[in-house]
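Colleague: The residues making up each chain are set out below.
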Amino acid sequence: MNARTETELLLPPMHSPARLSNTHLDALEEETVFILREVAAAFERPTLLFSGGKDSLVLLKCAEKAFGAGRIPYPLLMIDTGHNFPEVTAYRDQRAEELGADLIVRSVEDSMARGTVRLAHPGESRNAHQSVTLLEAIEEFRFDALIGGARRDEEKARAKERIFSHRDSFGQWQPKDQRPELWTLFNTRLAPGEHFRVFPISNWTELDVWQYIEREHVGLPSIYYTHKREVVERRGLLVPVTELTPPRDGETVQVRDVRFRTVGDITTTCPVESLAADAGDVVLETLSVDVSERGATRMDDMTSEASMEKRKKDGYF
Amino acid sequence: MSATTATPATTDVHGDTGTALRFITCGSVDDGKSTLIGRLLVDSKTVLQDQLAGVQRGGETDLALLTDGLSAEREQGITIDVAYRYFSTAKRKFIIGDAPGHEQYTRNMVTAASAADAAVVLVDATKLAWAAEVEDGTVVKRELLPQTRRHTLLAHLLRVQSIVFAVNKLDAIDDAGLAFERISTALNAFAEAAGVQVAAIVPISALKGWNVATRHADWVGYEGPSLLELLEELPVTVQDEAVPFAFPVQWVEKFSASADTSRGRRVFWGRVASGHVEPGQRVTVLPSNQTATVAQVLSHTRQPKVVHAGHSAGIVLDREVDVSRGDWLLAPDAFEPVREITATVAWLDDEPLVAGRIYWALQGHRWVKAKVARIVDRVNITTLESEPATQLEANSIGDVVLSLQQPLAVLPFTQSRALGSLVLVDTASHKTAAAVLVQPAAAKA
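Keeping their order, the protein sequence lines are chains A and B. Going by our numbering, the first residue of the first sequence is number 1, and it counts up by one from there. Going by our numbering, the first residue of the second sequence is number 1, and it counts up by one from there.
Derived from the structure by calculation, the hints contain no laboratory data. Remember, it's a predicted structure, so these values are computed and weren't measured experimentally. Glycine included, each C-beta is placed from N, C-alpha and C at the ideal position. Possibly wrong hints are sitting among the right ones.
Unchecked claim - DSS-like mimics (lysine-lysine), calculated; alpha carbons at most 25 Å apart, straight line:
#, chain 1, residue 1, chain 2, residue 2
1, A, 176, B, 431
2, A, 310, B, 208
3, B, 254, B, 208
Said to hold, decoys possible - Which chain A residues face chain B? A few, computed with CB under 10 Å, are given here:
#, residue
4, 28
5, 30
6, 152
7, 156
8, 178
9, 185
10, 193
11, 208
All chains, please: the whole structure from these sequences, using the hints.
Modeller: Structural data, given as structure tokens:
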């Protein structure tokens, strides 16, 4: 594992991007690399949750720095709702192949077939049901650490999250009883059946992520940048018109210039109006936004003040 | 801090406002911490429209709701765990740890403080008996709240570089000038008795925004900077550059042209705990005691270079020696590994520390068994005096002697954070039970 030839070590750095005022990004990257190595060393069966979204692509870039390209010492795991944007799935597969990484895909539809996921109605969002499929995958592979690209600036419940977040055998987060996390002395001890969720980019903000994408030339699925798309306006959001999310009676379909700030399940993710064609444009837009990433884009988080917290308690990542 | 580590630590510390400042807000419950953070976020225009809309209650904006993100917190109106928040001004980026005030959740305050460059201890002026002057001919001692004292002591013990008192809710007091003066006197007296250096005492109204982001001119006789202006100038934590080289091995990477990884050299990855590392340097391995010379130093950009304290490095040695995760590479003859340490512990677990029990201790990446040989004493938070103790309950601070199953290289925490800090973990529950701060060897016989 992780064999690297001696000549590779003597190669020049992977790239020398233009350095602007980068001390903060450097510090974040270094923290992330440190945590990624800690997971590789401290756990027996870790995995990295990889959706093909921007946060997981930034994590992968940091993993390349931690271990060298092509030598990430854990498999990638995708929990597939079956409701993905095709550009994202295609890019996910492409990156996994380029890196020679082992990509495991487990799908909510399989859980539905097994009867472990029951939808209340066929049109229900499958997003929250990912928790069931995720826990099934954890049991199947006996994963003891799952690295995720969640950030504390995303949402109020996320803001409370430890970097090494202990989960009991039901995968539950216990927000009232989190382990103290002192300095960088991470207590990674587990009882059988328990696991950790690990969040190496906890301290990054949406802006940091985009500045890093720009600086490191991190490739992203095309829908993160401006494109023309059929949408309808609904409760202040731009809902993409797809087979899964058809227009409702009385709604007018319009073609708008949009991009996605975050991608996830088609049924819960909305784009924002934008002409940003590259990461530099997005950085400038992010500097001047007045609505949060989730507020602008997520249909599911608006239903309840505590919906993320509830999902996390149920085992959601 | 430059992750590429080309700059020595001396240029990367004092006053480097290009580096994000990590600070915590702490103090007693209801002293207004969440409101203060809400105010900082709103006044620095970090709060976005949808988030602000989410904290409107009955036509009023409740700033505290911006940070209390758990439903149990909103139900009870208290903060249970640290909320981390991010904001920037034109001058600098900030990471705030909003620590809970309740004694029950002291462990979460300690979690936040262990990573902080600065602590803002909130003091609620309306809760203190500052008005009473003379009673039976003697000046009444103006008592601070126990959690103000506890949090200040913990921040000090954990070597949080700057401790700032923010005296809040002065807008609710008629004679605010006198209140601020007397509370400042009490704070200074307490700090002096505890040996705590105070960076500043700032009068504020978190609710009204006075002296938070912008100065509130001609108020309570205070002419200093606003809290935010002060934070923009505070230094980030100094790394232990002056201490001899020490390096805990985090991860061993094997590389070899052949599939037989037992042959060929290995890279030892980790974060430099103290000093610096460069090719040609001699090192001793703990625990094997073998010595070797550093052949090559890597960072994750793969360039050989000097790497300073606080940054990650990959070290290649000139010959095969037995080194695994958890071992330390040390400057030769600079450390005397010990089997017994005297340490101050902040006890965090609900199960009390018991003399005679064995715990897991973690230093760097090394786990050793540690037995509590004896409890030396416990600190009385009110009087600051030591008192005898047979056990340490949750949220207490005391001194203990630990005997270690295997020798560790330690330094007093006041000299080196990395070599002087350990955590204790309960062997049965696996809970993180204590923050351990090593004392000078002969401090308490």
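Colleague: Work down the list of hints and note, for each, if the structure agrees.
Modeller: The hints, checked one at a time:
no.: 1; hint: A:176 / B:431; in the structure: holds, 14 Å
no.: 2; hint: A:310 / B:208; in the structure: violated, 34 Å
no.: 3; hint: B:254 / B:208; in the structure: violated, 59 Å
no.: 4; hint: 28; in the structure: holds, 9 Å
no.: 5; hint: 30; in the structure: holds, 4 Å
no.: 6; hint: 152; in the structure: holds, 5 Å
no.: 7; hint: 156; in the structure: holds, 3 Å
no.: 8; hint: 178; in the structure: holds, 6 Å
no.: 9; hint: 185; in the structure: holds, 5 Å
no.: 10; hint: 193; in the structure: violated, 13 Å
no.: 11; hint: 208; in the structure: holds, 8 Å
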